Amino acid sequence: MTPLRTLAMKAACAFVSTLASSLAQAKSGSLDLEKIRQHYAGLTHLRADVEQTRSGKHLLKPFVSEIKLDYTPGSITWRYVKPFEQTVKISPQGFDMGDRKLPPGHSERLRSLTAMLEALFRMDLDAMKKDFTVKVEGNTVHATPLPSSPLAFVRGMQFEFAPSLAIVSVVINTETDSAVMKFSNIRLDK
Amino acid sequence: MKLAAAFVLLTALALAYAQRSLRMENDLVSSLKAKDPEFGQVFERAQSSGLFRGRIFVEPPAGARSLPAELSAALVQEGYKATAFGAANPSPVALLPLAVHLPAVQIEDALSEKGLAARRDDILAGMMLPGGEALADLASVDPLGFLPRLADRFAQAIPGSASLAAPADTTPVFVFESPKPLDFDRVERIHGALQAAKVRFIGEDFFAYENYATIQRDILVCALLALPLNVFLYFVFIRNRRFLLFTLAGNVVSYAWGLFAGAVFFPAFFGVALAFTTTFLSFNNEYLVHLSGTHEGKSKGRFLGVLSAIGTTFLGFVALLFGSSDLVRQIAVLSLGGMAGFLAFLWVFRRVMARITFRTFRWRMVSLGPRTLGAATLVCAALFVVALPTVATHVSAFRSFTPELEGNIAHFTARAQGLSGGLPMALEVDASENVSSVVAAIAAQGDVRAQTPWAFFASNDVQRENVVLLQTRAAAAVTSLRESLVKLGIDVPMNPGAYGVLGVQDLPAFCTTLESLSPLPVCAKTKEGGFFIFLTRDAKGKASAVAPGQALAPNSPLISSAPLPGGATRRAWSLEAERYYDSILTGFSRELAALFAAGLVAMIAYLWTLHRALGKIVYILFPVLLSAVAVFLWLRATGGSLNIIHMLAFSLVISVGLDYSSIALSSRYQEDDMSRVLLTGLSTLAGFGVLAAARHPVLRDLGMVVCLGAGLSLAFAVVFRYSPASSEARPS
Numbered sequence: 221m222t223p224l225r226t227l228a229m230k231a232a233c234a235f236v237s238t239l240a241s242s243l244a245q246a247k248s249g250s251l252d253l254e255k256i257r258q259h260y261a262g263l264t265h266l267r268a269d270v271e272q273t274r275s276g277k278h279l280l281k282p283f284v285s286e287i288k289l290d291y292t293p294g295s296i297t298w299r300y301v302k303p304f305e306q307t308v309k310i311s312p313q314g315f316d317m318g319d320r321k322l323p324p325g326h327s328e329r330l331r332s333l334t335a336m337l338e339a340l341f342r343m344d345l346d347a348m349k350k351d352f353t354v355k356v357e358g359n360t361v362h363a364t365p366l367p368s369s370p371l372a373f374v375r376g377m378q379f380e381f382a383p384s385l386a387i388v389s390v391v392i393n394t395e396t397d398s399a400v401m402k403f404s405n406i407r408l409d410k
Numbered sequence: 037m038k039l040a041a042a043f044v045l046l047t048a049l050a051l052a053y054a055q056r057s058l059r060m061e062n063d064l065v066s067s068l069k070a071k072d073p074e075f076g077q078v079f080e081r082a083q084s085s086g087l088f089r090g091r092i093f094v095e096p097p098a099g100a101r102s103l104p105a106e107l108s109a110a111l112v113q114e115g116y117k118a119t120a121f122g123a124a125n126p127s128p129v130a131l132l133p134l135a136v137h138l139p140a141v142q143i144e145d146a147l148s149e150k151g152l153a154a155r156r157d158d159i160l161a162g163m164m165l166p167g168g169e170a171l172a173d174l175a176s177v178d179p180l181g182f183l184p185r186l187a188d189r190f191a192q193a194i195p196g197s198a199s200l201a202a203p204a205d206t207t208p209v210f211v212f213e214s215p216k217p218l219d220f221d222r223v224e225r226i227h228g229a230l231q232a233a234k235v236r237f238i239g240e241d242f243f244a245y246e247n248y249a250t251i252q253r254d255i256l257v258c259a260l261l262a263l264p265l266n267v268f269l270y271f272v273f274i275r276n277r278r279f280l281l282f283t284l285a286g287n288v289v290s291y292a293w294g295l296f297a298g299a300v301f302f303p304a305f306f307g308v309a310l311a312f313t314t315t316f317l318s319f320n321n322e323y324l325v326h327l328s329g330t331h332e333g334k335s336k337g338r339f340l341g342v343l344s345a346i347g348t349t350f351l352g353f354v355a356l357l358f359g360s361s362d363l364v365r366q367i368a369v370l371s372l373g374g375m376a377g378f379l380a381f382l383w384v385f386r387r388v389m390a391r392i393t394f395r396t397f398r399w400r401m402v403s404l405g406p407r408t409l410g411a412a413t414l415v416c417a418a419l420f421v422v423a424l425p426t427v428a429t430h431v432s433a434f435r436s437f438t439p440e441l442e443g444n445i446a447h448f449t450a451r452a453q454g455l456s457g458g459l460p461m462a463l464e465v466d467a468s469e470n471v472s473s474v475v476a477a478i479a480a481q482g483d484v485r486a487q488t489p490w491a492f493f494a495s496n497d498v499q500r501e502n503v504v505l506l507q508t509r510a511a512a513a514v515t516s517l518r519e520s521l522v523k524l525g526i527d528v529p530m531n532p533g534a535y536g537v538l539g540v541q542d543l544p545a546f547c548t549t550l551e552s553l554s555p556l557p558v559c560a561k562t563k564e565g566g567f568f569i570f571l572t573r574d575a576k577g578k579a580s581a582v583a584p585g586q587a588l589a590p591n592s593p594l595i596s597s598a599p600l601p602g603g604a605t606r607r608a609w610s611l612e613a614e615r616y617y618d619s620i621l622t623g624f625s626r627e628l629a630a631l632f633a634a635g636l637v638a639m640i641a642y643l644w645t646l647h648r649a650l651g652k653i654v655y656i657l658f659p660v661l662l663s664a665v666a667v668f669l670w671l672r673a674t675g676g677s678l679n680i681i682h683m684l685a686f687s688l689v690i691s692v693g694l695d696y697s698s699i700a701l702s703s704r705y706q707e708d709d710m711s712r713v714l715l716t717g718l719s720t721l722a723g724f725g726v727l728a729a730a731r732h733p734v735l736r737d738l739g740m741v742v743c744l745g746a747g748l749s750l751a752f753a754v755v756f757r758y759s760p761a762s763s764e765a766r767p768s
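Taken in sequence, the protein lines are chains A and B.
So the first sequence is numbered by this note's numbering: it starts at 221 and just counts up by one.
So the second sequence is numbered by this note's numbering: it starts at 37 and just counts up by one.
No false leads were slipped in.
Pairwise CB distance ranges, derived in the manner of DEER restraints:
1. 449/B / 366/A: 31 to 41 Å
2. 282/A / 536/B: 27 to 37 Å
3. 153/B / 267/A: 27 to 37 Å
4. 442/B / 408/A: 47 to 57 Å
Here are the simulated lysine-lysine pairs, DSBU-like style, with alpha carbons at most 30 Å apart:
5. 355/A / 402/A
6. 410/A / 309/A
7. 69/B / 216/B
8. 288/A / 150/B
9. 150/B / 309/A
10. 277/A / 150/B
11. 523/B / 277/A
Treat the hints as calculated values from the structure; they're not laboratory data.
What you are looking at is a predicted structure, and each value in this text was computed from that prediction instead of being measured.
Ideal Cβ positions, reconstructed from N, Cα and C, are used throughout, including at glycine.
With the rest of the complex left out, here is chain A (with noise of 0.2 Å):
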């Protein structure tokens, strides 16, 4: 697997999570699926700042960004502002890292998780939970790959949500790191 597919692959394994909180609120506790299906129910576009707090075994140091995530259905956006400024695009047709681009049709993963978008775009739950296994405690979602799935590098995962059922924080634990992302000035238009 070459580097760009492994890191698009993981970037759009972050933003799926982010939706998937969203939807995977399908047991008991605070969160209500049918609430969380009708809240994104024709969404047109979503718009929020993302404050990313990543760690890993070859990170000197807790590494902070700030990202703006856009997303419309069948793109998203993932532009990082701070400290750096670089712009990750990730599409059905693949992933856009400036002059680099990786059709899906090369990773399996990568496929798996465009075709998880997909149905993510669709606010398609049923088409989610072939990939994960989802838990609800309290205005927290867990989130664990099941062992077949393409994505069982993912340790597992955390959303958090608010009241208002817009997304608070993702925590994602991979293999080999960590991030921590908090959303803030989130827009939906539908």
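Please build the complex by placing chain B on the supplied structure of chain A, with the hints as guidance.
Chain B only, in chain A's frame:
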């Protein structure tokens, strides 16, 4: 009595041996081999025998990403083992040796300060993504970031590298290794489970099973139809009905010896050949009916007629023995075995046979003089030449699949073509050539797609230049990149010597590297030490319309844009499976046509020794000529081509059709003998006519042509009597 007992015992032993040894060949089509062994090997390699052979492919309903649990369990229970489609995605280690084929300017860019800064930013952006740590391992292997460029150039251009299991439409295909040996009962069960699960599936197991199921059904239906029809004829024509048992016993003996002969000469049978044995009944009836009268010693002429009838049948089958097609040879061996068994039965039980009497019928015949016969023969000969259709056999004539499997074949073919990018072909290159120049020259003509890894093969000069660049400057560049990342808080271990080990790749090394990247074979060695590289042609491009002199037909050399070094002709072969099998079968057809002609000459010589009169021989042969013309006109009218099945059918028409006119002539049209001719003719029509009810196209075509030929031959023999003294046809 002792002789009869010994014969019965021997027959039982032969049947037991046949039953124990009888094996079914899995698939008639896949057993076809090209006459040119080198071409056959290249084709087999290109067909990726290791990837597609012995496997089945299952695609869940659209949108689903896994197979139903019950189906997965059923597959495991039946011994199907889940496996990957082919090689894993190219690993960085496998791709990196190809860096020497990059344009020198790209390597210069990567080594420049600007390039190193861009690379630093890429690594930074990537490692900041959730899960971006994985980038560290790849940055260690390829610090300067050549891999994405190499993946673009090579991995994604390799046919089939985006495997069937991972299509763009996101519906996966699950691959399973088939258990060995092929067990039709097991395949039947899994075939049913797949149908019940409403999934798409394809694989050799199902090709073999559906052919087998069709033939099994055809054998049963044809046998059930042929038997009562023949029994009815016997009730009408034979006075003593108890001899029905005699003929039935004789047919059992005939089957036993036919199968025994087949088992001795062939390790496995094609289902179609076995289904052909349902026609034994017709042949055997003919021998019985004619031989049962020879004891009466009515005339020498009549005995000659019987000899010519059996002799021509024998010669017809012997001629088929010389064919290259296993199917044709199997039919010949089975038939000769059956013939020998039945004749032996008649000889052992000749006293019983002698007591058989036949009902005699009488009808008016029309006299045919030599002039009329000659004129009719000339007209038919002219029509034969004018109406001769194209000789070609299509592989589809040998397959009988359900509409569901046909639909699945079309579906998976479309997906596979989407992956490989077009129609496969092999192009010969010399090991010393710059393969990218050769491909570029042909691609410029529109013959092949330019999007191929071979187009990125760099000349030795370019490679040497790149190697020098990497050996002298890469280590320092890697050290600098690592230090710049450490300053940003990222410490990725990077090997400064990662690129120093790369060297110039010759064509064999390039082939080896590509093979390690692709799930499909990309090249094959020639006998002369060169290579066949596998390319794709655009199915819709001008290459699909092959120009004269550039025929990409299998086994035909292509005069390409440039000759091989030394001026030799460069070979280019189409590797399309259908064209490959079509060409083999068409070759068999032409060969069978030659055998047909040789058999005819042998029969004419044989008939000459018996009759020694040109007019008589023309009279005997005329129905065959008439039948051929009728079939040619029918093919012309329907737009069909003359295929190997028609050739085989013609041989049978000669075998049975000649007998009617031969016996009629030899017996001087006596009522008793003409009644026998009528009985055998009707029996043959019944035997082959029921093949019209077959589902398998081979049996159906065979039945239709033999019925047409035998019907015309019978009609001619019972309507026209040859009168050498008469110059006009008149009522007799």
